[in-house]
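Please model the entire structure based on the sequences and the hints provided.
There are 2 protein chains.
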Amino acid sequence: MAKIKKAKGKTKPEKKAGKKYIYFFGKGKADGNGEMRALLGGKGAGLAEMTNAGIPVPPGFTITTEVCNMYYENNKKIPDAVDKEMLVYVKKLEEVTGKKFGDLNNPLLVSVRSGAKFSMPGMMDTILNLGINDKVVEGLAKLTGNERFAYDSYRRFIQMFSDVAVGISKHFFERKIDELKEKKGVKHDVELTAEDMKTLVKQFKEIYKKEKGVDFPQDPIEQLRIARNAVFNSWMNERAITYRKLNDIPHNLGTAVNVQTMVFGNMGDDSGTGVGFTRNPATGEKVFYGEYLTNAQGEDVVAGIRTPKPISELEKEMPEVFRQLREITSRLEKHYRDVQDFEFTIEKKKLFMLQTRSGKRTAKAAVRIAVDMVKEGLITEEEAILRVAPNTLDQLLHPVFDPKVKLNIIAKGLPASPGASSGRVVFTADEAVEWAEKGEKVILVRLETCPDDIHGMDKAKGILTARGGMTSHAAVVARGMGKCCVAGCEDLKIDEDNKQFLVKGKDIVVKEGDWISLDGSTGNVILGKVPTVEPKMEGEFGIFMKWVDKMRKLKVRANADIPRDAKVARNFGAEGIGLCRTEHMFFAEDRLPHMQAMILAHDEKGRRDALDKLLPMQRSDFEGLFATMEGYSVTIRLLDPPLHEFLPKREELMSEIVTMKANNTTTTNNEIIKKALELVPEGKNDLEKAEKLLHRVEELHEFNPMLGHRGCRLGITYPEISEMQARAIFEAAANLIEKGKKIVPEVMVPLVGFLKEFIDQKKIIDETAKKVMEEKGVKIQYMVGTMIEIPRAAITADEIAKEAEFFSFGTNDLTQTTLGFSRDDSGKFTKVYIDKGIFEKDPFQTLDQEGVGKLVDIAVKAGRSTRPKLKLGICGEHGGDPASVEFCHRTGLDYVSCSPFRVPIARLAAAQAAVKEKIEKKGKKTKERDK
Amino acid sequence: MAKIKKAKGKTKPEKKAGKKYIYFFGKGKADGNGEMRALLGGKGAGLAEMTNAGIPVPPGFTITTEVCNMYYENNKKIPDAVDKEMLVYVKKLEEVTGKKFGDLNNPLLVSVRSGAKFSMPGMMDTILNLGINDKVVEGLAKLTGNERFAYDSYRRFIQMFSDVAVGISKHFFERKIDELKEKKGVKHDVELTAEDMKTLVKQFKEIYKKEKGVDFPQDPIEQLRIARNAVFNSWMNERAITYRKLNDIPHNLGTAVNVQTMVFGNMGDDSGTGVGFTRNPATGEKVFYGEYLTNAQGEDVVAGIRTPKPISELEKEMPEVFRQLREITSRLEKHYRDVQDFEFTIEKKKLFMLQTRSGKRTAKAAVRIAVDMVKEGLITEEEAILRVAPNTLDQLLHPVFDPKVKLNIIAKGLPASPGASSGRVVFTADEAVEWAEKGEKVILVRLETCPDDIHGMDKAKGILTARGGMTSHAAVVARGMGKCCVAGCEDLKIDEDNKQFLVKGKDIVVKEGDWISLDGSTGNVILGKVPTVEPKMEGEFGIFMKWVDKMRKLKVRANADIPRDAKVARNFGAEGIGLCRTEHMFFAEDRLPHMQAMILAHDEKGRRDALDKLLPMQRSDFEGLFATMEGYSVTIRLLDPPLHEFLPKREELMSEIVTMKANNTTTTNNEIIKKALELVPEGKNDLEKAEKLLHRVEELHEFNPMLGHRGCRLGITYPEISEMQARAIFEAAANLIEKGKKIVPEVMVPLVGFLKEFIDQKKIIDETAKKVMEEKGVKIQYMVGTMIEIPRAAITADEIAKEAEFFSFGTNDLTQTTLGFSRDDSGKFTKVYIDKGIFEKDPFQTLDQEGVGKLVDIAVKAGRSTRPKLKLGICGEHGGDPASVEFCHRTGLDYVSCSPFRVPIARLAAAQAAVKEKIEKKGKKTKERDK
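Listed in order, the protein sequences are those of chains D and R.
Note that the first sequence covers residues 9 to 939 in the numbering used here.
Note that the second sequence covers residues 9 to 939 in the numbering used here.
No lab work stands behind these hints: they were computed from the structure.
Computed from a predicted structure; not experimentally measured.
Virtual Cβ for every residue (Gly too), placed ideally from N, Cα, C.
One or more of the hints may lead you astray.
Label pairs and their in silico Cβ distance ranges [to be verified]: (1) D/F595 <-> R/I680: 30 to 40 Å; (2) R/E699 <-> D/S366: 54 to 64 Å; (3) D/F595 <-> R/V840: 19 to 29 Å.
Here's what the structure looks like:
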């Protein structure tokens, strides 16, 4: 929740004598350092850190966050002394760079950027090229020999300055550009000439004068003062305030202002710009990895308009720069102890690092990098564990193409995001959504993607583009989504109008709706549908997960109802079954009739007859589960859903009866109903039978089935059901124990709210166990416990734990009852709730820790107060959600149980929780020692 | 909950030296006293107390509860020393009474009864006449000059002893009696002669011998030993164990055995037996009140076979005995400081008190007696408050016959239980149930009632009997039920076979189904239906309620949706409205169409148009409520139920559509649906309209409406609804404030679970209030608060209280969500739950203090932690349940709110809670002081 924290007291707005308000960086030395985020902001501290590390960073200075607060306390004015101090540092900057503000021969140009303690994207735009004026622009033209570049820079500066610093709408300027292009009959900005740029500069200055009433400022210092104040003003703009509220950032932190020398990669063929990674962000391989363009500005690379060259070519073109870049970036990697994603500019063979940050990576890469770095001694195993986001593991758990299948590879692009998938070709994002909603698997094929395509990318099974590199929009987004992507596949000729693509040099036409397959790990584009096989947990992943398992304290089990799921779970490292929903067995075609017969029976005898038929089926189900999970605990929940779920729907029966009557017939044509009617012995004809069946359905009908006759309430009213299920469990266990297997059944009573409910069911279970053990002459070690899934159970957990040997938190139902939300119905308002910020996250996905979590915590403490060795687990969907797993760790549960595919995610989340706790404790100890 | 407490350690089974195990009472002096309930049991302590108070009680002795425990620890044997001690006391008893066991001339006969610390009805039957044997019976015959009496007593003794002490089925004996009656051609026991009794005695002894293999014991001491041990054995019989479990009575308390001299009221016309009250139990009047029979045994009075004489006649028949009885009973009343319900026997002009206890009474009597006793200086006002069971007040709040109506009184009986009611005549309990279930009001008319009639009495509006007195079964049960009863109406000739009754001396025949009316306060039986008027809160009741109001700390409000109910509530002393359910206003015929139009609207504009039409109606509703409750707070809850409740039922629409289609028509004949279809503008015909309406109904359909789109979720998704309601509230308030009235609106947001939900709605309410105040130029003092009705709200109450100015616990929904029970559906298992003892009481009637109550307590503490002056109330049904009101007092709420008719009950319950707390505190202080 956003809390607005206010400044505790006022600092005096005057500059304090001797106090430093501006920090310089440049020439290998900075006044500040990386620790000073509060004072210099994140960006300023980072620039200081890099400078100190000997990284060639364009020099500059940072005006501190304290100045920002002074600015506000001083009625939005900068104290004179601070302003004077700034002039001192401008001078220093001129000295260090050898450039001068307003110097025609060697002008100093700077960028001005905000930078708060915490990153606040979108708070303020950057102003580039500050320092240009009517004269400097000419000097710049001369200096670069590129008049178009100089005037283009000037017009960009006027545009940015006007928009960002003084609030003149961009619109005015864009219209002028459009008018000019129209007049000249050209399409793109690049087609405009130097003369055109001069015209635009003239027009832009006129706009400025018209809007502001004064001329565009020609004095670079005045430009700087205005820009600096604009940055401070931006701290209190609405976007920033909202962002801070949403992210719980105090308003009194203030922002710093970073003033940094501009460098230019477009000063000729000895200049250039590029981006790169210290390791491959897709595979994690330790190879220097990147792309660059000569004589270009940074945005040209990212925009994907010119296809950039691989960084290896830089070695040939500018060997010294390349060597320096390699040396710097590996130093950066060591310094920050993580893969770096860096931006650089070469200005006349001189290398400048513009930015470096931890690189985004695929899960595969994250695991490999983490493991490699441990091997290299760069990080510890514990740090490695924290380096992989649990949810991303999902990417590694899904199928790859069956290696035994011969692939019809029709093209090869860049392996931009790993994974393997098949789908039918569509050519627009809208179509991708449309087809996907009809249940089709689709591959989105685009020349290149842009943010407008996101919704289609989200629905597609894979993305294929003809243009753009490994850092293109398509590649970045697909990796973020954990979705397979092949990018820059230049052999494709995409014909969007005719909804088809050709493969160059081959006689292949792929039309909309045709099946293709993508391998995001190789870049292969394959014709047709390709079967996939399960991934294996080996190599780096295997090593990584061993560390994970060593570190975590929480056990991880799986929710599985059938042996097949249990097998998947065990392969993924599940240490038992936390929830087997026995009712899923009753819905099978061969069982449903017996279940229905039981429900329709008039008395206990009738019910027992039907249950007798179900007994051997349940027993064999349990045998399968037990055998698969041999050696581990298997928690089996007794029948939970209301009985009407097993009968035909009330409305259908009603309609069918009305129809029969209206048609004056006594026979139904509805096959499903006809089948169900076979179970109704009384009644001469379908109509009579249907009416009798409807009568029973009506009897069982509930207004709120979620809060109705279900859970242990069934077993209490029909003890014979619990008895049959207990018998099936213990007979299955006995049969396997006889064969020498180690079987550990845990019988779970659902929906308990009162101790006496539990006692009632436990008695049946214990008596049945005793009987079966006597009959079979076998000893079975078992436990009887309960779900904690309604608030009363949590509140009275101390009572319930007197009898229950384990608790399993059923956080799905506990969320429904604690929040008073039916999961099936809350869709009607959840969207509005998320839009209005009432929910931060869907409480059915991530545990509501303030509400439901508090109840869990109460129950854990109360339960252990009467039974210190109470076994505690969670079996709701939340058991596979990393944030919720962390909560479970902190609350002291023994295990989490989740769906089989989330088992590795839960394992990692559990390990991270343990590592974080360890770090916190260490931090506390250090603090205490330091006192 | 029944807890089985075990003895902490074993006491040695041997009699400890010098320790006393038997306590004597008789001749004005007892070894024990009234405080020794644990040792002597309730009955034994009472007998000692009465003896010490100089009351003529038949002498006897009590074998202590310790002996019972020794008996069990000693493998069901009485230690010899105790047995010897018993013989000593038998001797003492013989001395005191001048009678002797086995003495032919003056035999000692005793009764043997169990008596534990807590009354356990039905644990063991009594054995009377112990001491008779083949010789004594002859002496008894001589002594009483009544051979029949002597042999009748003997055969009764054999029968009781055999059944109770040695476990021979009653059946054997009853069969013999039946055989004899048949043989003699008589119907009733009383028609059997002395000779017949002799025959029976012979046969009974034969049965005993046949079943037990030994002769019927002739030695009175042996009889006594067997009977004594039988009493101890009965402590562990199944009935007793179950009773203790259900009532949370420890099993190690043991029972005492009371051996008491028999006295006989059937020793001639100078003997007699009777029962009475020290004040009138129906009206409370201070008149000596009772009935007796000469030459009769106690059971003859209670059985209602002979109609007893009023006690005033005893004054004429035996003036000295009468004087003594008056003196003793008024002493008893003073001693116990309460009305006494006593039993007495006169044996040859000698008076014995057999029992005395606090008398059951009607609410009217309870109030009058309490008030009188305060005036008499017998009890304090605080004690008086505790003397009236809150729920019984209900009897005083219901209508009486309109005094302006001329009554056609056809007969007059005893005014056995007050109240006035009309109903149709039925003659059997089964018919009463049958008719009542068809919705008929019935008066049950019986010759006399018996326990088999209870189910019919429960369903009847009133009970009329032709036989029996004020203490007959009908009278006692009806008073307990708070139901009107006229008993002993001897003018009636009931002809059950022809289902009619005649009135003697009048030419009136009342047939089954005819309307009659009963006035239980006068005994009048009236022909036809009589209108009733509301009762007035005056006289003693008024005085009593003034004391109540003086003492209580909780305020009492009413739940009322319309001015009529508010008026009733105010008359009953309500101090405001705690819950006005605004949706009840929308169901009115003139409003429903607008509500439906709002729901069917496609957009906000459509909804606002419909709401505009509802606004003036709501405003006038609120004006009425405010005006009625002027000066008090009125809490208005915003719209709560899911919207589909306002539309036709889904199943009905479906059926109607299927019917139209099957009949090949597009027009419906269903009037209700036709009316609803008027609101559907689109669609050519009924069928199309119905399909469109069904579509919307389907959209709104919910699986669990209780947990669905309702409460504040409506106001958040459709803010215009909250806005309209807030406007109606504030406009209504402003209109009345303008007229100088004091109006205190409290706006209540329902179903809040998240602070942000509340903030969202509060903003709308505050903004609307501000607007209305500006428009009207009026200042309105109002509060905005919330219902606490889902567990999350209770758990996060500290957060919610930051913004909410009051909480009202909606314990209906809070019970549903905390227990995970839908109130509408729980009927399917509640009966089983009560049968199995899982529920002690229906949690929807009496607050589940361990579960729901704990959440309330958490919320109260949390809420006050962030807002110390938070106003707290309850508005669920529990607000009128005395036990729950006491809980609210203890938990520190400010008020309870209940249905208007329960307001006086809640006031009294609140006062009792305050008194109890005061007593407890005093007790604690005394304890502390005594340390």
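Hints, one by one, checked against the model:
no.: 1; hint: D/F595 <-> R/I680: 30 to 40 Å; result: 38 Å, holds
no.: 2; hint: R/E699 <-> D/S366: 54 to 64 Å; result: 58 Å, holds
no.: 3; hint: D/F595 <-> R/V840: 19 to 29 Å; result: 26 Å, holds
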